[in-house]
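Student: Here are the chains, one letter per residue:
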Amino acid sequence: MRLRSLFSLLTVACLAALVLTACGGSSKKSTASAGGSGGTLITLAQAAAPGSPDPQINYTLQEWQMLIMTHDGLTAFKKAGGLAGTQVVPDLATTIPNPTEGGKTYVFTLRKGIKFSDGTTLKASDVTRTFERNFAVHGPTAGTFYKTIVGAAACLKTPATCDLSKNGVVPDDANNTVTFHLTNGDPEFLQKLAVPFASILPASTPMKAVTIPPPGTGPYKFVEYNLHKQIKLVRNTHFKVWSKDAQPAGNPDVIIQKFGLGPEAEVTQVENGQADWMFDPVPADRLNEIGNKYPNQVHINPLTADYYMAFNVRVPPFNNLKARQAVNYATDRNALVKIYGGPKLAVPSCQILPPNFPGYKPYCPYTKNPGSGKWTAPDLAKAKQLIAASGTKGASVKVNTDTTDTNKAFGLYFVGLLNSLGYKATLQALSPDLQYAYCQNSKNKVQFCWSAWSQDYPAASDFINILFGCSSFVPNSDASPNLSEFCDKGIQAQIDQALKQGITDPTGANVKWAAIDKAITNQAGWVTMFNPKQLDFVGKRVKGYQFSPQWYFLLDLASVK
Amino acid sequence: MAVFEPEAEGIVLDAEETGGDIVGRSPWALAGRRLLRNRISLAALALFLLIVIVSFGAPIYAHDIAHTDPFASNVTGTITLNGKTVDVIQQGTGPLGLGETPIGPTWTFRYLLGSDNQGRDVAARVLYGGRASLIIGLSSAGLACLLALLFALVAGFFGGLIDTVISRLMDLIWAFPVYLLAISLATVLLTSAHGLNLGLFTLSASSLWIPLLIIGLIYVPYVYRPIRGQVLSLREKEFVEAAIAQGAGSFRLIFREILPNVLSTVIVLLPLMIATTILTESALSYLSIGVQAPQASWGTIIQDGQALLYTRPWVAIAPGIMIVLTVLALNVFGDGLRDALDPRSKVRTK
Amino acid sequence: MLTFVVRRLVGLVAVLLVLSVLVFLIFFATPGIDPARRMAGRNPSQQTIAQIRHEFGLDRSLPVQYVLMMKHLFVTRDLISYGSQTKVIPEITSAAPVTFSLVIGAAVLWVVFSILVGLAAAVLRGTVLDPILMILALIGISVPVFWLGEVVNLFTQSRWHGFFLFSWVPPLGYTPLTQNPLKWFEGLVFPWLTLSVLYVGFYARVLRANLIETENEDYIRTARAKGISERRVLLRHNLRTSMITFVSLFGLDLGVLIGGGALLTEVVFGLPGVGQLTYTSLSGLDLPVILATVIYGAFFITIASALVDLLYAWLDPRVRPA
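Protein chains in written order, with our numbering: chain A, 49 to 609; chain B, -10 to 339; chain C, 170 to 491.
Since the hints were derived computationally from the structure, they do not count as laboratory data. There may be inaccurate statements among the hints.
[As the list claims (entries may be wrong)] Mimicking DMTMM-like on lysine to aspartate or glutamate, the simulated pairs with C-alpha atoms at most 25 Å apart in a straight line are:
hint : chain 1 : residue 1 : chain 2 : residue 2
1    : A       : Lys163    : A       : Asp328
2    : B       : Lys226    : C       : Asp478
3    : A       : Lys446    : B       : Asp58
4    : A       : Lys422    : B       : Asp76
5    : A       : Lys416    : A       : Asp380
6    : A       : Lys195    : C       : Glu224
7    : B       : Lys226    : C       : Asp228
8    : A       : Lys588    : A       : Asp328
9    : A       : Lys446    : C       : Asp203
10   : A       : Lys491    : A       : Asp536
11   : C       : Lys352    : A       : Asp553
12   : A       : Lys240    : A       : Asp453
13   : C       : Lys256    : A       : Asp553
14   : A       : Lys256    : C       : Glu386
15   : C       : Lys395    : B       : Asp76
16   : B       : Lys226    : C       : Glu386
17   : C       : Lys395    : C       : Glu382
18   : A       : Lys277    : C       : Glu355
19   : A       : Lys280    : A       : Asp380
20   : A       : Lys163    : A       : Asp293
21   : A       : Lys160    : A       : Asp220
22   : B       : Lys73     : A       : Asp380
[What the hints assert, rightly or not] To spell it out: a stretch of chain B is covered by chain A in this simulated footprint if at least three of its residues, at any positions, have a beta carbon under 8 Å from a beta carbon of chain A; those stretches are:
hint : region
23   : 88 to 97
24   : 210 to 224
25   : 227 to 234
26   : 296 to 305
27   : 318 to 330
A quick note: this is a predicted structure, and the numbers were derived from the prediction, not measured. Here a beta-carbon is modelled for each residue, glycine too, at the ideal position from N, C-alpha and C.
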């Protein structure tokens, strides 16, 4: 039995060894010292921002939050928290010029002595080259934001030979000025110059998409861009502050964003002090925990964004106005808010424009006791009446969402709601990479589809015209952001008028936008669900958190020392 | 000198039994007798059958005992607990009032194991999930073993080009990106108007046939290999030579001589494969490319539970425990089967 | 021997070819796929989409696209991903060492433990330790790896991170061996344990079953009758034959894991290996990366299967190709 006892011993020993694994390690504690500048800001994200890292191609907030620290445009949104952050201030230009010739000409004078991170000096022809490059690399907004530049049409057709220097973006290196000529007045042009698509790059930047953002004029520069590991920004030694409003010198010396962890692990790291901020939303089951244990590290700010379900107004049963309004009356927006994370993270809404947006006036007809402009409770009786009057009972409906937890939960809620109203509803949950394009394409005849929209910049047309304008509905195309396929001639005429008025009289135009918002809401192209809020969970050593409605958490204004 | 005696595992002839009792009985009948004497195996089988019965009784539980609809979204619902009306999903406590948490296990028949993110009764869902997981697990394992057996017999026996072609085909299947196929198929079905039409019947996106067929197919190579190896070595054995000398044709050789001998390997592998297929189904469902809503399976419930791991771990733990119990029961029973089927084991008189 | 190698090489190429074609076809058969649209961003103009389509050759016919993609992958080696628009091959070469570290460490663990446990259980049959070992093994194989990983993280990173037992556990992620060997090791301990738990149980049971079965073979009885000691009978005669099934299953599993099959483990523990790359490319429907990872994985799987056949022939002389 020697063999047996040997094995018994081994077995027990192995079992014991498996239980004891530690081999000591000291945990280092850092002493926090008061102060502003220096240190490394460690941020986390599950994955790198999707799309090319090229500033003229990338269209994600995740990338933009970095690019505003490394690059500048002729104008910028003020780097400040609160409503001040929506103000457009001069950045590389000395002042904001008033447009001439009916809003078609802008003359910018560049500041002197600004250097890129590679040491070269900014000159006027860099600006021209940057805009030509926008067309050459097929930037996603080349044909939308910047199509009013003279010569843009030709550049869209043959990007390789794009030349704007004669008529569109005319440089004068000697006097350090750049003149923009537009085909029409554009009330949002100054804002369009403040987004990273219009960040000025050195003229020597290659005319095809790059794998790491090119040199910029900002206080930081990219030194590492590894999609599966991290990106790293260090100070740009050639940078000097020329306008604290537009581009202050940042506080941290180094900023990194590490990839590869899931959101649960990210929360744990921030809690443990191993990271300073996580880009991804905090998972629902940790909200209570961080709210209780780390309330001082939680910052909640309202977003100018909508979560909505879009009806297809051209396909039964929701080509019937009464049916659409009925669903709007029946929707319990509190349940949807609950699914999203509770009333602290979302505010019910019935209309298109979000609060604090130009042209916003509270309006909600789809509630019990309407009149206050706020949604309070669903009105099931009215909903049932409308359904009966519409004659659409019994129709089958596919509710389309993507497969992420929260959105699928919205879908399931609406499946239940539609079934209780007498429809035959089923859920159709597609991969997040397919769902948006699938909903946009009219040949798929999607009846009822989840989506969300947040601003590019604060202008009512960025919501209303893009989401409900007739030209935004492109049949049989994957790029048709007007999910409702909505096109009302009367409302479109109002939109055109408001756009025109905005060039000279933005305040008056905003009154018009509010009326348009009301009219579209009455047509019930959507079931607007709520306006979400942004929750930022920062590490305990982070001081000076500031939230701008345009760029959200201003990373370089915080300090970790 | 120490002698290593392979022990008889409780499968000995009783004192009253003599050799005469086993005379004239076929090997299968003998195996049946042995199996019936193995109490632990029988207990495991009973546990497994209990799980099956309870899972298939899910509608009765949900409707008559728990009075819930485990598939309907119930985010703003309430229940009465100890006389008080309580929200099924409650707002967070603390200074910020952040988060919404479903209720935990009530240990009563209403929301026995608590609620999930949608306000649904977890216990009822776990039972319904058992139905789907068991159907898929059992059928796909059976399918894989059956196909693997057929292929291995043919390839191992005939050898040569047939063997090469089949073995490379198996390599192809084994290397195949299952997840891609599953994603693509799920998307095709979800986006087609009425499901996939295959002549006789239509498959909707939530049909259990899809994960069943996919999982059954991809594990064929796994079972194929060991069986083929065994067929190769059996082919050289004396009793096969004897049969050939008697003038037996290929068909008879395969099905009457070789097959019975590999059958016990297959039977041993079957419960192991069921374990594997149940786990694979849970992995696919976890990635949202297995069982689709409105159907639930243990895997989809674990996925639901991922988002609640830190607050309501029961939602993820309960289906996990069910998987463990089911697989455990199957394997213990499988052991008993193997012991009963081994023709040269333990018939020793004490 | 040479014919064997040549035959298997031809088989390998054939498998890779057929696989790549199948992947290609499945990808384009999925509705809603339009890589140009996705690359074009949030709200592009029709012209932009058309131009991107042209630049990436997406307006050519499928066979032409296939040939171009294979050319970029194998000949010019500059295949570009649809997602990040950067080169694919460097992504794979930087992910491979991570997967190797994970898989080989776990494999060592599970082979050693499963042989020990399997031997122990077979030897200890009849005592109470046998069922205990087998039940532990069974629990190991019954647990979904993604769930186990999450629970492990829950305890080592969060709930019990303060205790000495787990305070050394570094944040999730991977540190290259060349950069900091200690951190590399510490960061891999729990992924190794989690991944091997699945396999130890399975292999221990397979080994035990084979050992018991082979016990009754005539040549074992002969060996014993010759007077050979128990330990030699067990280790030199019984174990070698019983390892046949063990080895063939091991080869298959190892091939799959190296090729990126430890997908869920890598995702749960934040290891940027080939498995995670496969997962992100699949959920992002990024065809060039999918194609590259599938071919990479298939390569290892097929090679492993050929090696296993070789080993099989060495272990069981009856099986050698005549």
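Student: Now tell me if each hint is right for this structure.
Tutor: Here's how the hints hold up against the structure:
For a cut-off of 25 Å, the pair hint linking lysine 163 of chain A to aspartate 328 of chain A is broken: about 34 Å separates their Cα positions. Of the supplied pair hints, the one linking lysine 226 of chain B and aspartate 478 of chain C holds, its CA atoms being roughly 20 Å apart against a limit of 25 Å. At most 25 Å may separate the alpha-carbon atoms for a hinted pair to count; lysine 446 of chain A and aspartate 58 of chain B meet this at roughly 21 Å. Note on lysine 422 of chain A and aspartate 76 of chain B: the hinted pairing holds, with a Cα-Cα distance of about 24 Å set against a maximum of 25 Å.
Taking the CA atoms of lysine 416 of chain A and aspartate 380 of chain A, the gap is about 11 Å. The hint holds against a cut of 25 Å. This hinted pair checks out: lysine 195 of chain A and glutamate 224 of chain C have alpha carbons roughly 21 Å apart, not beyond 25 Å. For the proposed pair lysine 226 of chain B and aspartate 228 of chain C, the alpha carbon gap of about 60 Å is over 25 Å, so the pair is violated. Of the pairs offered as hints, the one joining lysine 588 of chain A and aspartate 328 of chain A holds, with about 18 Å between alpha carbons and a cut-off of 25 Å not exceeded.
Restraint check: the Cα-Cα separation between lysine 446 of chain A and aspartate 203 of chain C comes to about 22 Å, which is no more than 25 Å; the hinted pair holds. For a cut-off of 25 Å, the pair hint linking lysine 491 of chain A to aspartate 536 of chain A stands: about 21 Å separates their Cα positions. Using a Cα cut-off of 25 Å, the hinted pair lysine 352 of chain C and aspartate 553 of chain A is violated, with the two alpha carbons roughly 62 Å apart. About 34 Å separates the Cα atoms of lysine 240 of chain A and aspartate 453 of chain A, which puts this hinted pair outside 25 Å; it is violated.
Restraint check for lysine 256 of chain C and aspartate 553 of chain A: the C-alpha separation of about 49 Å exceeds 25 Å, so the hint is violated. Taken as a hint, the lysine 256 of chain A and glutamate 386 of chain C pair is broken in the structure, with Cα atoms around 71 Å apart against an allowance of 25 Å. About 77 Å separates the Cα atoms of lysine 395 of chain C and aspartate 76 of chain B, which puts this hinted pair outside 25 Å; it is violated. At most 25 Å may separate the alpha-carbon atoms for a hinted pair to count; lysine 226 of chain B and glutamate 386 of chain C meet this at roughly 13 Å.
Restraint check for lysine 395 of chain C and glutamate 382 of chain C: satisfied, since their Cα atoms lie roughly 20 Å apart, inside the 25 Å limit. Restraint check: the Cα-Cα separation between lysine 277 of chain A and glutamate 355 of chain C comes to about 18 Å, which is no more than 25 Å; the hinted pair holds. At most 25 Å may separate the alpha-carbon atoms for a hinted pair to count; lysine 280 of chain A and aspartate 380 of chain A exceed this at roughly 45 Å. Among the hinted pairs, lysine 163 of chain A with aspartate 293 of chain A is consistent with the structure: their alpha-carbon atoms are about 19 Å apart, no more than 25 Å.
Of the supplied pair hints, the one linking lysine 160 of chain A and aspartate 220 of chain A holds, its CA atoms being roughly 13 Å apart against a limit of 25 Å. Taking the CA atoms of lysine 73 of chain B and aspartate 380 of chain A, the gap is near 24 Å; set against the 25 Å cutoff, the hint holds. For the region 88 to 97 of chain B, the assignment as covered by chain A holds, since 3 residues bring a beta-carbon within under 8 Å of that chain's beta-carbons and 3 suffice. Figure legend: the region 210 to 224 of chain B, annotated as covered by chain A; annotation inconsistent (0 residues with Cβ-Cβ distances under 8 Å, at least 3 required).
Evaluation of the coverage hint for the region 227 to 234 of chain B: breached, as 0 residues show C-beta separations to chain A shorter than 8 Å, against a requirement of three. With 6 residues bearing a CB less than 8 Å from a CB of chain A, the region 296 to 305 of chain B meets the requirement of three and the coverage assertion stands. Chain A is given as covering the region 318 to 330 of chain B, and this is violated because 0 residues of the stretch bring a CB closer than 8 Å to a CB of that chain, at least three being needed.
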